[in-house]
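Dock the two chains into a complex; use the hints.
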Amino acid sequence: MVNFTINGKALSAAEGTTILKAAQENGIKIPHLCYLEKLNEIGACRLCIVEIKGIERLAPACTTQVSEGMEILTESPRIYNARKVNLQLILSRHRTACTTCIRSGNCELQNLVRDFNLREEAFECRPEKNASSDACPIVRDASKCVQCMRCVQVCEKVQGIGVWDAVGTGCRSVVDTAKRIPVAESDCVYCGQCVTHCPTGALVARDDTDRVLAALANTELTTVIQVAPAVRAAWNEALGISDEIGTVGRMVAALKALGFNFVFDTNFAADLTIMEEGSELLERLKDAGKHSWPMFTSCCPGWVRFMKTQYPEFAGNLSTAKSPQQMFGAVAKSYFAEKRGIDPHKLFVVSVMPCSAKKAECELPGMSSACGDPDVDVVLTTREFCRMLMTLNVSAETLPEANFDSPLGESTGAAVIFGATGGVMEAALRSAYYLLAGKNPEADAFKAYRPVAGKPWQESEIALPGAGTLRTAVVSGLANTRRLLEAVKAGEAKYDFVEVMACPGGCAGGGGQPIHAGEERAESRGRRLWKLDGDSAVRFSHENPEVLALYKDYLEKPLSHKSHELLHVEN
Amino acid sequence: MFRACACMCGRTLPFPMSRLELKTPLKLQSTLEQLHEGMQRRIEAYPPGLCPVEAALNYLTLSKAQSCGKCVPCRIGLANMARLLEQLLDGEGNADTVSLLETTASAIADSADCAIGVEAANAVLLTLRGFKDDYMEHAATGHCLVGKKEALPCRALCPADVDIPGYIALVKAGRNADAIRLIRKDNPFPVACAYICEHPCESHCRRKMVDDSVNIRALKRYAVSKAGDVPQPSCGASTGKRVAVIGGGPGGLTAAYFLQLMGHQVTVFERHKQLGGMMRYGIPSYRFPREVLDAEIKSILSTGIEVKTGIDVGRANTLADLRKEFDAIFLSIGAHTDKKLRIEGEDSDGVISAVKLLGGIGDGEMPDFTGKRVVVVGGGNVAMDCTRSAVRLGATKVTCVYRRRIEDMTAQREEVDGAIAEGAEVMTLAAPLKVEADANGKVSAFWAKPQMIGEFDKGGRPAPKDAAAEPIRIPCDIVVVAIGQGIDSKAFENEGVPCGRGGSILASESTTEIAGMPGVFAGGDVVTGPATVIKAIAAGKVAAANIDEYLGFHHEISVDVAVPAAGFADLRRHGRVNPEERPADERKGDFKCMECPYSDEAAAEEAGRCLRCDCFGFGNFKGGRYAKW
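Taken in sequence, the protein lines are chains A and B. The opening residue of the first sequence carries number -9 in the numbering used here; numbering runs sequentially from there. The opening residue of the second sequence carries number 1272 in the numbering used here; numbering runs sequentially from there.
Rather than coming from a laboratory, the hints here were simulated on the basis of the structure. Using N, Cα and C, we set each Cβ at its ideal position, and we do this for glycine too. Any given hint might turn out to be false.
Claimed, not checked - Pairwise CB distance ranges, derived in the manner of DEER restraints:
1. B:P1769 x A:S57: 54 to 64 Å
2. A:Y70 x B:G1730: 25 to 35 Å
3. A:G481 x B:G1575: 55 to 65 Å
4. A:S57 x B:G1894: 19 to 29 Å
5. A:S57 x B:D1831: 19 to 29 Å
6. A:N101 x B:C1339: 45 to 55 Å
7. A:G160 x B:G1694: 46 to 56 Å
Said to hold, decoys possible - Mimicking DSSO-like on lysine-lysine, the simulated pairs with C-alpha atoms at most 27 Å apart in a straight line are:
8. B:K1668 x A:K169
9. B:K1668 x B:K1713
10. A:K445 x B:K1627
11. B:K1899 x A:K119
12. B:K1899 x A:K479
13. A:K147 x A:K336
14. A:K28 x B:K1893
15. A:K147 x B:K1893
16. B:K1403 x A:K169
17. B:K1729 x B:K1403
18. B:K1899 x A:K147
19. B:K1893 x A:K169
20. A:K445 x A:K28
21. A:K28 x B:K1899
22. A:K479 x B:K1713
23. A:K445 x B:K1899
24. B:K1893 x A:K119
As the list claims (entries may be wrong) - Just a few of them, taken from the derived set where beta-carbon distance is under 7 Å, the chain B residues facing chain A:
25. Y1317
26. L1321
27. N1329
28. C1415
29. V1417
30. E1421
31. F1862
32. C1864
Here chain B stands alone, though its shape is the one from the complex (with noise of 0.2 Å):
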């Protein structure tokens, strides 16, 4: 006389009333998705710098609570492989252990019957290859190799390792201008990074834990927003140093500014008409504006730095040249050039590359798309700047043809329903095939072979493969592709810096120093190949340091700005304040800038969203704060 519950709790009830029953949610239904909630976002906000063991131990608690129980490799050996990990983690194990954890798993993942077990097995294997160090480390000695704790994990997953809390309490505390300030000590580009910065600060923020991340890039925006005109502090005395920077893009410019702090000559050599990099020739204006961006680079330029624009180094003049007329050379060109289809028409007139039009549009040199129609081809944050763009140049129709699905993009999610939302059609699942021209040699549609979803490739996301379909013809005009950008290291590979796939400068990516070359250093895009401008200016501001040293010196860069001490941390679930954009209908008309700043409650609401990891947790042990560098 007892039935299972129908909300799929798992409990037993008593008396059969009906014969069948809806399954209707109930209370403990509820409550373990809002668990299940937490769990997730729990998992998002994981801090940075800890055991990976103990992270292989959760995934393991988690998954021997799922066992039905049935199998025999489910439900024991998980309870045993936990059981092992245990042991490691409490300095109990051996390097017997290790391998029995291994052969377990290997077992379970052969043996078991269903994905609880097998993907449980396989995420342990997966953390024996991916860190077997540390394995071997509690191994050996009982604890981790991991010895540094991250008190905040906004500023750790700064590449550049801006005062993040610090900034936002300025914010809050309506001082916009230190806000400014405080950032500059480490990244000389508040404002680039205020309209662009992919914020990886904002993808661990332990806010995440209470409810979301907080929207760290907005309120920076806003502090740009309501500085104002924030001078530059003074330069150190003179060093009688001179240091060339090879490319004006944030790396360079980061460099040339932390270096010309440190007293200093800097030079920047840059082969565009104007200064900016990337953030000019391949960030098209409406997402951050032109006038915004000269104001910053000229009060960069107010620390005193010279400027050379129109000169390619490695062409006009040689590195070599270079060398005996400067102490040390920044290498910083970047990657800008374009990468081909290699699909037949491709030289067909009208098909140009995401690089010469946004590097166009960058120097103010507007191709008129009235009345045309534009295929972009490719999936990440360029193809959606030239999609978006291409709207804005007039054309009738834009369709971005991408060979995987929308959610395989490595392009931004806003970005792409961005685009979507000015009127661009977004063709997913279509695999470039071929140009069609016509007569005159001239673009007249794009042909693109259907594909499928199909298995995992070894980058991680799913590879696309043919579908039994007919291929589409897509009439258009033009077709800008936009598949990625390369690197042109020729002139200086020729002149003896090493150079790897791709071109690649291959200089160290966390020193940026280059083997065998002292004084030469490299970062940015062009070591790391296409990045983000963050990570750009992080290589810049650590090149500054190494080259400072290079040349005999210590000379730490500091900013006298107090932050405000923290109120209490209100831990009340409140939701995450995004700034407005302009209605996709009005900006998809102009390049004008179509976000919103926050308004003044706004920025106040979300400021006050900050937990304050500086002055809570371990932060107020070991402060998470670098007063100087």
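Same shape as in the complex, but just chain A (with noise of 0.2 Å):
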């Protein structure tokens, strides 16, 4: 521990924190807009600077370390003075465009700006020209980009890939993509990390919201929405409501006032692809010479777009089921149309998603199984969900719970855990107990082998009945992800079964979550899944009455060909 002082004030920390995070322990405020803890800590803003007794210059509070006997002061007139100097020249390079601004309210510079008090620009307004393109997912403003250099931090050293670089020279250097590749042909999975960590509305994933619009004042389309398990443990952030008010039968009431025909929920179609995956893991340790391992989950777009451009020698240990979206929407434009006798190009599939990824997943070819239209029409985030519960004036705090409709609306425990990490393979492990032991195990049999954070990856030796030990591994996020595959391909780690999450923390964390500066909520929205999974009555994909039922009218057993047809892809 150091001893030194901020503003007077005695205080202690252990060697080797930076003022700032000192500062914050202490409930002392220093402004700041490029510091992103531990990932970009480069001292690029100037705004966080303070004034240090013997240090002639001011320093940066989050590149500078405490030491014994450091006398800080965190304000004072040339402290004010030198950061509304740069508050203003990064003013001058942003286009401020507030209310047209999708981060508006939400923009860690327009907060400083406020706080600042600044009431006009000192300097004429010079941004760079916006080239951006709604080719793909994440979509780029570099008019508002103020080189905080947060998403080449994130995306290099979190996911690996390293899609945004600094480029050019002088004054004249620019964030862009690397070599200045657009994103649509460069290696970004568009997970969308760099959209949630963009302090400004510089990076954001595209908004779809007008089709679904145009879909919902369209009278001759039936309208089915469905809901991601992660985005019921996120969703009320945004709008202000506290876990308690804003549950998942409020959400589903929310969905069924923006308009929707049906609200049905992905879960369902998570326990369909525990079915899949499931019988299909046991089909290849059936046969396991047969095959290449580990076997790989498919259900994150991120993790498949990664493994297919980085790691193809892989393309084949990937399972061929397809992610809970894609199977609902195959379902949806199928087994469900049939059912009601709606002709499925007239039936309009929207997704909620705590993910951009998903809006590339949609357009994928072989996304188009049921009826040859896309069987996902609209994939939005959890951030334009609500968007549009507050264009539509949805008081979602105010409505009554309300089910999910039926027949693709009922879910198991084992499903709403898809959106943490480490919740596919539990629920994969849970049924396939089942299927190996003929019973089922304990619900909380497996928690033992849940990740804990901290570790690049969590590696497990499960004992299944009649099958021997089941060695797994559970990763999320793509830096991590990367480490592990060199170490499978080094033949340093052997797995049968590998759970890959793009994002850190699984889709909880996801790139289309709500934002929240500084803040990684990951663990606590993954915290609420679980929660949900323990209170849920069922909790065995296996034993999901609509499944079962799917399955007994319409696809016979997991795996047939009817299953194969609609519910898994050629890798």
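Right, here's the structure in full:
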């Protein structure tokens, strides 16, 4: 521990702590814009500058570590003046268009300008020219970029890809894709982590709400919406609704209030995914020599894109099962349409996903298996869903709770945990155990194998009756995933089944979720999902009555010919 | 009733008091001088890897402020050219912009009235010729071809990519042995480079923006003098592969060292009696003491490298023989042949080449110049080595004869100054004419033709021309010819190794690979022509990595040394601390090292001048540090 003072107050902190962190720990506010704990401590915005006794110039609090006897001042006229000028300089390169900006009200720059009480621009605003494109789900407006470098760091360090980089030289240095390749042609997997870590509206997920509003207005269409597991753990955050009020039932009521004809649950399809993917795993295990190992989960489109571009040699290891979103779409436009006598071409399927990569997933070849049209028409992020609620003046908190519609609305506890890292693995294990042993394990039998924060990945050896020991791994974040794949390639790690989620913490921390400056909420949202599972009456996918009915009436059995047509892809 | 200010600041002042006034510098003038001095330092510190088109704009911005405003081409033309450049830089230009710029620059160069306009336009034309591709990229895409930003100017300019701020921080922390380990990750010759590196790392040091570059080499010299014997890391698991390195100079030994660490078994074949190449046979011991060189080579060999000295590959055995025995070959034979003056009397008794003189000294064969008058011909570092060696060998008079001026010499200025301080005479503007011999064929005098300095040649240096003066006779007993070295690659050329002009082996200067000869690599002086130790080391390092890949491996070289965190960079101006030299009168009598290492306090002071660019600016964003290669 080192002892120091901030604004005259005697404090102590662990050695190596930055002034900014030490101040935050003690409730002292230091303004900052570029800082992102552990990821981006580069002192670029120069707003967190402080005075240190004995040091001639002002020092950035985010890169300077406290030391014994250090006397720090976080406010003074000199500091104020320098911060103010730097903020004005940032504004001179930021196209201030708050009224029409998607991040208005949740913009770190807007907040700073408000807090600094800046009432006019000091410099002529000359933002970088914008060349944004809607070609892919990640849209970048260069004119709003403040060059904090967070996107560069998140993509490089957390996702191990490096789509973004600082390019150009001198005062013409800007952030752009590395080597200025268009995003759609880059290695971007559309995970959206750069979006959720962008302090302004420079990086956003493409807004597709207009297409949904148009569909809702079209009386010829029957509109169906599905909502992903992780959405229910976060949707209320952006609306200022507490977790107690923001229940699943109220979310369903809000979706119904938007005017959709049917409100279904992606969780239903998650249970279906377990039936297909779990069976596939057992099939592969029966004939282990014919397959390459490990088998990888395929429900995360960010991961699938990552693997197909960076590690195509593993494509054969990927489960052929579609993601729950796409299984849902395929079942909706076949089974459901037939059952209800709706022309599938007149059925408009919308998803609410915690994810921006899902927007690209529904456009992939092979994702039009029900009637030839795309199985899922539009994907909205959790944020877009919240914006639609505001647009259509739905006060969700006042609505009575409602239930999902049938026949694609029933789900189990095993499905809701798809939204948290380790959940797909656990759901699959619960059902695989049943299929092998002919009886259910304890629902919490695999609790001990859930991932622990801080490890690059969680590996386990799980004894399954009749199948010996299953070596499993659960990983989230693509930089971690790359490490795991390299270990597998080098023969340093050997697994049978691996769950991969592109976003750290899984879909709960997805790139389509509500944004909170400087906060990572994947873990707390994940806990909410695990609690929903614990509270569920049914916790095994193979016990979902609607899924069982679907097999009985339509698909026959997992991995049937019909299942393959609708629910699987060639990798 | 107004007059111009006498300080030449251009201001107008009232009431003329006197008929004439002295031009006394006032405050404005001295401020401007400070600004100009800062500008000069900033240009010297111009970081590598920046947009060249922007550099052209910088030049033009400076130039247009200097226009007197009288003539059209300069007053209006320079401003318009600057605007065209800005358009290109801002992505608002196209190919027409470039061609308009070119036409305009030509017209200004042709029609401006004085140097202000002409030179500015010529500079633009120079850039249009020099980096047309960059211009066209800006025209086509609005962006620069330059993609990579250099976080650290020092490391970027070190051919071997040594982690300079890292080891300076270690020196500052008193961890000299760790500093040596960190340097060895990229360069197995910390000691050699401490004594004789030409330190390109210092040329664009960011500290120059404040005062002067950090004395990086002297800090390394301090580190090696304090570190003691630092054991080498252990080698990786044996790969069973064998590599032959031909030539045991800095390049060859570097390749051997890293390949050995990677787990390959290396054999070095050396033609001379001892290893070291030009470090031994070119650089005299007063600059690089032999015992220090021997210790460093011994340390490198402790990795298990096999050595075969006295073997002239190409004559004793063939490349084809070696290729049968070894999995890969690195050719690093250097440039050890002498160049001739081609003047009358050159074959007289007493005319010797620099290569022969310094080579002999390298093996301890000291000629006795006692009572002799020596003429050294040449203006490079080798000429200075010969001059200063001749002084130490007892010559009564040493004259270094050079056809251009001192400022045109390729020798480092401190070498020339050192030679003069030791009593040598430097006779400039004197072109070799003939060697006069006595009846026994022994040298009796050197004749030189007086020169005048003239126009710049294609190489960018002013060329000498004959002056209308009588030839000068310099009576002497010994003539040392130090006008450059050549390459003897004939034996390899005969075996199919592609060779170019002057015998240089045609290997890729960036990868050391030889096209059409898989498994055979070449680097160092034999490829580049006579260059520097650090360039040869870099070639050896690159060769090691590429040979490793060729052999089917991807070994990585890293070191487990944590670099201390940076404190606050002190930007107050502080003089550069230079190491002391032994007094000229004392050092000229022996071959002992002439430079004294830093004292502890001098080292601390100088290490404190490093701005730690690895931790500030772009450094704390993109690191500027490669943990491994």
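Comparing the hints with the structure gives:
Take P1769 (chain B) and S57 (chain A): their Cβ atoms lie about 59 Å apart, and the range 54 to 64 Å holds. For the hinted restraint 25 to 35 Å between Y70 (chain A) and G1730 (chain B), the CB-CB distance of approximately 57 Å leaves it violated. At about 29 Å, the CB distance of G481 (chain A) to G1575 (chain B) disagrees with the hint of 55 to 65 Å. A hinted range of 19 to 29 Å holds for the C-beta pair S57 (chain A) and G1894 (chain B), which are about 23 Å apart.
Distance hint check for S57 (chain A) and D1831 (chain B): the Cβ-Cβ separation is about 25 Å, which falls inside the suggested range of 19 to 29 Å. Between N101 (chain A) and C1339 (chain B) the beta carbon distance is about 52 Å. The supplied range of 45 to 55 Å therefore holds. Evaluation of the 46 to 56 Å hint for G160 (chain A) and G1694 (chain B) yields a pass: the beta carbon distance comes to about 50 Å. Between K1668 (chain B) and K169 (chain A) the CA atoms are separated by roughly 62 Å; this puts the pair beyond 27 Å, and the hint is violated.
Between K1668 (chain B) and K1713 (chain B) the alpha-carbon distance is near 18 Å, which keeps this suggested pair within the 27 Å criterion. A C-alpha spacing of about 64 Å is found between K445 (chain A) and K1627 (chain B), which places the hinted pair above 27 Å, so the restraint is violated. Distance hint between K1899 (chain B) and K119 (chain A) is unfulfilled; the C-alpha atoms sit about 38 Å from each other, more than 27 Å. Pair hint K1899 (chain B) plus K479 (chain A) holds up; C-alpha atoms about 21 Å apart against a cutoff of 27 Å.
Under the criterion of a C-alpha separation no larger than 27 Å, the hint pairing K147 (chain A) with K336 (chain A) is inconsistent with the structure, at around 44 Å. The suggested pairing of K28 (chain A) with K1893 (chain B) holds, with an alpha-carbon distance near 14 Å, which does not exceed 27 Å. Distance check on the hinted pair: K147 (chain A) and K1893 (chain B) sit about 12 Å apart at the alpha-carbon level, within 27 Å; holds. For the hint linking K1403 (chain B) to K169 (chain A), the alpha-carbon distance of about 20 Å falls within 27 Å, and the restraint holds.
A threshold of 27 Å between alpha carbons decides the hint, and for K1729 (chain B) with K1403 (chain B) the separation of about 20 Å falls inside it, so the pair holds. Distance hint between K1899 (chain B) and K147 (chain A) is fulfilled; the C-alpha atoms sit about 18 Å from each other, no more than 27 Å. Pair hint K1893 (chain B) plus K169 (chain A) holds up; C-alpha atoms about 16 Å apart against a cutoff of 27 Å. Only pairs whose Cα atoms come within 27 Å are accepted, and K445 (chain A) paired with K28 (chain A) is accepted, the gap being roughly 16 Å.
About 22 Å separates the Cα atoms of K28 (chain A) and K1899 (chain B), which keeps this hinted pair within 27 Å; it holds. Proximity of K479 (chain A) to K1713 (chain B) is assessed by CA-CA distance (about 74 Å); at most 27 Å being required, the pair is judged violated. Restraint check for K445 (chain A) and K1899 (chain B): satisfied, since their Cα atoms lie roughly 24 Å apart, inside the 27 Å limit. The hinted pair formed by K1893 (chain B) and K119 (chain A) meets the criterion: a straight-line CA distance of about 25 Å does not exceed 27 Å.
At a threshold of 7 Å, the smallest CB-CB gap from Y1317 (chain B) to chain A is about 11 Å, leaving the interface hint violated. Hint on L1321 (chain B) holds. Least Cβ distance to chain A is approximately 4 Å, under the 7 Å limit. Taking 7 Å as the C-beta cut-off, the interface hint given for N1329 (chain B) is violated, the closest approach to chain A being about 9 Å. Interface restraint check: C1415 (chain B) against chain A, minimum CB-CB distance 6 Å, threshold 7 Å, status holds.
For V1417 (chain B), the shortest C-beta to C-beta distance to chain A is roughly 6 Å, which falls under 7 Å, so the interface hint holds. At its closest, the beta carbon of E1421 (chain B) sits 10 Å from a beta carbon of chain A; the interface hint therefore is violated under the 7 Å criterion. Because the closest C-beta pair between F1862 (chain B) and chain A is about 47 Å apart, greater than 7 Å, the hint is violated. At its closest, the beta carbon of C1864 (chain B) sits 39 Å from a beta carbon of chain A; the interface hint therefore is violated under the 7 Å criterion.
Hints 2, 3, 8, 10, 11, 13, 22, 25, 27, 30, 31, 32, counting from the list given before, are not met by this structure.
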